[in-house]
Amino acid sequence: MQTAALTTGAQAPAVPPPSPTSPAKPDLAIRGLCKSFEANRAILTDVSFSIANKEAVALIGSNGAGKSTALRCAMRLIEPDSGEAVLFGTELRSAKARQLRKIRSDVGFVFQKHNLVPRVSALTNVVHGNLGRASGVRGWSQAFSGRQIRERAYACLERVGLSEQAMKRADQLSGGQSQRVAIARALMQQPKMIVADEPVASLDPVAGQEVMDLFHHLAKEEGITLLFTTHNVAHALAYSDRVVALRGGKVELDQTSAVLSSSDLNEFYG
Amino acid sequence: MVETSQTRSERRSIPTRLERQNPLTFVAYVALLAFVLWSFQGAGWSFSALVSGGPSMVDFLSRAWPPTTERLPQLSTALLETFQMALAGTVIGVILSVPLAMMATRGLTRPTVLGRAFGASARLLIAFFRTVPDLVWALVFVISVGLGPFAGTLAIAVDTIGFCGRFFAESMEDVEKGPGEALTAAGASRLDTIFCAVIPAAMPSFITTSLFALEKATRSSVVLGLVGAGGIGIELKVAMDFFDYQLAMTIILMIFALVLVVERLGSIARRNILEGNSQ
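Those sequence lines, one after another, are chains A and B.
1 is the number of the first residue of the first sequence in UniProt numbering; add one for each residue after it.
1 is the number of the first residue of the second sequence in UniProt numbering; add one for each residue after it.
Be aware that a few hints might be false.
Stated by the list, open to error - Here are the simulated BS3-like pairs of lysine-lysine, each with C-alpha atoms no more than 27 Å apart in a straight line: (1) 113/A with 250/A; (2) 177/B with 96/A; (3) 168/A with 177/B; (4) 168/A with 96/A; (5) 168/A with 25/A; (6) 25/A with 102/A; (7) 177/B with 113/A; (8) 102/A with 177/B; (9) 192/A with 102/A; (10) 237/B with 192/A.
Unchecked claim - Quick list of the computed label-pair ranges, beta carbon to beta carbon: (11) 112/B with 269/A: 39 to 47 Å; (12) 167/A with 98/B: 22 to 30 Å; (13) 77/B with 138/A: 42 to 50 Å; (14) 203/B with 256/A: 30 to 38 Å; (15) 24/B with 168/A: 21 to 29 Å.
Claimed, not checked - Now the stretches of chain B that chain A is said to cover, found in silico as 3 or more residues with beta-carbon under 8 Å: (16) 70-81; (17) 186-196.
Rather than coming from a laboratory, the hints here were simulated on the basis of the structure.
Ideal Cβ positions, reconstructed from N, Cα and C, are used throughout, including at glycine.
When you get a sec, could you build the whole thing from the sequences and use the hints?
This is the structure in structure tokens:
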């Protein structure tokens, strides 16, 4: 990472040097992203936005507006047709497999459906969060892991308030508990950024509120950059510093949350 | 009156009972039926032989009854050997099936030319193991490693790879993609994802398939003895060749009991696993 930063500096001597703690250098920058799964039906047409360090951004838009696709392209979980995604200063399309895994390990991805591995314990699911840093058998189950990893995983479960369910099978947890385990798994990555794709869409309002509060808390407490998509206008305004709205695969709004009202956002669901 | 007219208009909108057949489909059905009838002729199906064979069957049964108990200790040893062949062959086969099935699973190997070639060759090998009958494998192994239970064990192992390799791969293809995607997003390697997300999710199916393989192996290990590949099969063949029908009946009943016990235990184990009682 350091060498990458140095080369970037060396390549652009004419540009005034950025200050060491420059907030201008974004954690994630997406430029001109295009993606279509079928011919003649583009999901993303030229999507660009960026997220600064420690910023919380809500990505909104109706079903099919391209939110999930944009998030997945940003992580290169799917390959965009064109455009680039620069994550922590590295262009992902040119990244080698190992480099890509390293960058991904810095981002905790939380899905709408928790995507926990069923039939294994909650603790094992959290231990899996460390696989990006240490691949191999010892990361496959809590039973094989070293003391340090187990303790850290347990601490992550404690942070989401589920340490008592550590040895419970993931498929026996409630929806809200499962999503909190998924967040604990993301925390296990010691992420610089959390990306959440409609994290509360399949939860009831109370559990959804709890999960959003947890995100907010972690982001502010740990200084983790947060990008989340939601259909809940109130959540979008309450938990973000900035809102980006997609419509028809294009960015139609990119505005600080403080100056937005819910009617501004409801327009995107009309 | 009003009701009748309503019923009529409803009736008009209902689709017809039978969909109109494409003439080509109709011809295909007729040809299939003709082929089935022709097959009965080709198979030498004969009601007269069936009727005249009845008394011979009764004769066999009357001469086979009561089954003899005189060679029970030797036969029990042979029966145990049969089951041991089945068990050892299945265990080896299941163990070897896992890596082969991983290679054969679509979507698990790298989407490169080399990955695809590996996948295709693994699938071809599994298909070859499956389509060549176990009795033929036994004949081949009798030639290569000699008469005895080891040849039978190898035949069962190869047959099990053909069976389990296919079903393991299919169950891994059917696994829900979400957990694997989550681990990939967290930076896990391909192998990590397979062992952490795919195999645990496919495990119930692996276990039930393996139990089926054991039942199948128990049945086939009986027959393998006929070609000299160990077990109780050879005893049955000798008894039949010497017209010792009472001994043959004993052997048949012992085989019946063994297969029944293995199948019952297998189905109890499967039910427990599917209900998730055991982990």
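Tested hints:
A distance of roughly 25 Å separates the Cα atoms of residue 113/A and residue 250/A; the hinted pair therefore holds under the 27 Å criterion. Among the hinted pairs, residue 177/B with residue 96/A is consistent with the structure: their alpha-carbon atoms are about 23 Å apart, no more than 27 Å. For the suggested pair residue 168/A and residue 177/B, the alpha carbons sit about 22 Å apart, so the restraint of at most 27 Å is met. Using a Cα cut-off of 27 Å, the hinted pair residue 168/A and residue 96/A is violated, with the two alpha carbons roughly 37 Å apart.
For the given pair, residue 168/A sits about 42 Å from residue 25/A by alpha-carbon distance, which is inconsistent with the 27 Å threshold. Pair hint residue 25/A plus residue 102/A holds up; C-alpha atoms about 20 Å apart against a cutoff of 27 Å. Distance restraint check for residue 177/B and residue 113/A: the Cα-Cα separation of roughly 11 Å lies within the 27 Å cut-off, and the hinted pair is therefore satisfied. Our distance criterion of 27 Å between C-alpha atoms is met by residue 102/A and residue 177/B, whose separation comes to about 22 Å.
Between residue 192/A and residue 102/A the alpha-carbon distance is near 12 Å, which keeps this suggested pair within the 27 Å criterion. Simply put, residue 237/B and residue 192/A have alpha-carbon atoms about 73 Å apart, too far for the 27 Å limit, and the pair is violated. The hint said 39 to 47 Å for the Cβ distance between residue 112/B and residue 269/A, and at roughly 42 Å that hint holds. With their beta carbons about 27 Å apart, residue 167/A and residue 98/B fall inside the hinted range of 22 to 30 Å.
At about 46 Å, the beta-carbon gap between residue 77/B and residue 138/A stays in the expected band of 42 to 50 Å. Range check, residue 203/B to residue 256/A: about 49 Å between beta-carbon atoms, so the 30 to 38 Å window is missed. In this structure, residue 24/B and residue 168/A break the distance hint of 21 to 29 Å, their C-beta atoms being roughly 58 Å apart. Counting residues of the region 70-81 of chain B whose CB lies closer than 8 Å to any CB of chain A gives 0, which falls below the minimum of 3, so the coverage claim is violated.
Here's how the region 186-196 of chain B fares: 8 of its residues keep a CB closer than 8 Å to some CB of chain A, so the rule of at least three is met and the hint holds.
In terms of the numbered hints stated before, the structure departs from hints 4, 5, 10, 14, 15, 16, listed from lowest to highest.
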